[in-house]
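K.L.:
Sequence:
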Amino acid sequence: MNVRNKDFKVAPANEVLNVESDGYPAPNRYGLGWEFTSLGAGPTWIAEPDVQVIQRIAEKYISPGRQINAELLGSGAYNKVYLLSVHGGQGPELVFRIGLPVFPHYKTASEVATLEFVRKHTTVPVPRVYYYDSSSNNDLKFEWMIMDRVQGDKLEDLWSRVDMDMDARIGVVKDIAALIKQLEGIKFPAIGSLYKQCDLYGSEKERAIPVPEIDNDFLIGPCVSSHFFGPRIVYAPRDPGPYLTDRHYMHAVTAAELAGVREWVKGWKGTYQQGIDSSKSNSRWHRLY
Numbered sequence: 001m002n003v004r005n006k007d008f009k010v011a012p013a014n015e016v017l018n019v020e021s022d023g024y025p026a027p028n029r030y031g032l033g034w035e036f037t038s039l040g041a042g043p044t045w046i047a048e049p050d051v052q053v054i055q056r057i058a059e060k061y062i063s064p065g066r067q068i069n070a071e072l073l074g075s076g077a078y079n080k081v082y083l084l085s086v087h088g089g090q091g092p093e094l095v096f097r098i099g100l101p102v103f104p105h106y107k108t109a110s111e112v113a114t115l116e117f118v119r120k121h122t123t124v125p126v127p128r129v130y131y132y133d134s135s136s137n138n139d140l141k142f143e144w145m146i147m148d149r150v151q152g153d154k155l156e157d158l159w160s161r162v163d164m165d166m167d168a169r170i171g172v173v174k175d176i177a178a179l180i181k182q183l184e185g186i187k188f189p190a191i192g193s194l195y196k197q198c199d200l201y202g203s204e205k206e207r208a209i210p211v212p213e214i215d216n217d218f219l220i221g222p223c224v225s226s227h228f229f230g231p232r233i234v235y236a237p238r239d240p241g242p243y244l245t246d247r248h249y250m251h252a253v254t255a256a257e258l259a260g261v262r263e264w265v266k267g268w269k270g271t272y273q274q275g276i277d278s279s280k281s282n283s284r285w286h287r288l289y
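If you read the sequence shown in the UniProt record's numbering, its first letter stands for residue 1, the second for the next number, and so on.
No lab work stands behind these hints: they were computed from the structure.
Take the hints with a grain of salt, since some may be wrong.
Said to hold, decoys possible - Below, computed lysine to aspartate or glutamate pairings styled on EDC-like, alpha-carbon distance capped at 16 angstroms:
1) K154 to E184
2) K174 to E184
3) K120 to D246
4) K141 to D157
5) K120 to E213
6) K187 to E213
7) K196 to E206
8) K120 to D215
9) K196 to D217
10) K141 to D246
11) K141 to E206
12) K187 to D215
13) K196 to D175
14) K196 to E116
15) K60 to D175
16) K187 to D139
Claimed, not checked - Restraint-style ranges between C-beta atoms, simulated for each label pair:
17) Q182 to D157: 45 to 55 angstroms
18) G88 to D139: 18 to 28 angstroms
19) M164 to S203: 44 to 54 angstroms
20) H248 to G65: 21 to 31 angstroms
21) G202 to G91: 35 to 45 angstroms
22) M250 to D139: 33 to 43 angstroms
23) D175 to T254: 36 to 46 angstroms
24) G65 to G171: 28 to 38 angstroms
25) Y30 to K174: 44 to 54 angstroms
Keep in mind it's a predicted model, so treat the numbers as computed, not measured.
Every residue gets a Cβ at the ideal spot worked out from N, C-alpha and C, and that includes glycine.
Model the full structure from these sequences, guided by the hints.
P.N.:
Here it is in structure tokens:
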């Protein structure tokens, strides 16, 4: 169930996303900053999600009338994950996953669709998503999803155990290969990311490629890739697809990278000279939205 605001507007794929004159608002970048070093740029959290708001959202959708506890499980470059549990230990443990708005709407919507597609068409064990909001127009100010907690042990923890002999390791590798083979066997008619029909609108839905021979509930839409949402690219025109040919895809990636370089030289060099010179000074700086 997507609880996103239906009034949220998605900018056309070939338009500059930060201009409002075309009728589309600039994407919400609350909480997102970019950290620059001589090795490149990466997203960073500049605002922390409010745990009390997380608990209120969880109580609303999964446990009306019962208190929910939310505990931080882990944090990465793009996501923060919280463990949800009903106060008193009643009910299953779930996960509340929050994403940085590196590619507003599309990243969350595509992740939800991909998980659902894999669950329907393979035996690969993936969590079920129960609720999600692919806009940040909510009390939390971030995109989020509520999903199953995946139970099990990390392979890296098991691999070096004394009781895991070579036969056991071979068995694990064969199991993983069998799962990969299922994924490799699914062929799509275009290059892009998966979306549910309900999560693409207007011109984006018109551009999307259906996959009727596999599942009518899904479309191939804009490609969620760092080629199209890095700190330089966000202010530049780009074409995130979908693409019918490898040539179209490679041309779009190259054009996005070149546009990003032009944006950097045109607008950022004078203002953020310390970032340009970071390889000499080893300084670190942030661009905030």
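K.L.:
Please go over all the hints and tell whether each is borne out by the structure.
P.N.:
Hint check results:
| no. | hint | verdict |
| --- | --- | --- |
| 1 | K154 to E184 | violated (23 angstroms) |
| 2 | K174 to E184 | holds (15 angstroms) |
| 3 | K120 to D246 | violated (27 angstroms) |
| 4 | K141 to D157 | violated (36 angstroms) |
| 5 | K120 to E213 | holds (14 angstroms) |
| 6 | K187 to E213 | holds (10 angstroms) |
| 7 | K196 to E206 | holds (14 angstroms) |
| 8 | K120 to D215 | holds (9 angstroms) |
| 9 | K196 to D217 | holds (6 angstroms) |
| 10 | K141 to D246 | violated (37 angstroms) |
| 11 | K141 to E206 | violated (29 angstroms) |
| 12 | K187 to D215 | holds (12 angstroms) |
| 13 | K196 to D175 | violated (29 angstroms) |
| 14 | K196 to E116 | holds (9 angstroms) |
| 15 | K60 to D175 | violated (39 angstroms) |
| 16 | K187 to D139 | violated (39 angstroms) |
| 17 | Q182 to D157: 45 to 55 angstroms | violated (25 angstroms) |
| 18 | G88 to D139: 18 to 28 angstroms | holds (25 angstroms) |
| 19 | M164 to S203: 44 to 54 angstroms | holds (53 angstroms) |
| 20 | H248 to G65: 21 to 31 angstroms | violated (52 angstroms) |
| 21 | G202 to G91: 35 to 45 angstroms | holds (39 angstroms) |
| 22 | M250 to D139: 33 to 43 angstroms | holds (42 angstroms) |
| 23 | D175 to T254: 36 to 46 angstroms | holds (39 angstroms) |
| 24 | G65 to G171: 28 to 38 angstroms | violated (46 angstroms) |
| 25 | Y30 to K174: 44 to 54 angstroms | holds (45 angstroms) |
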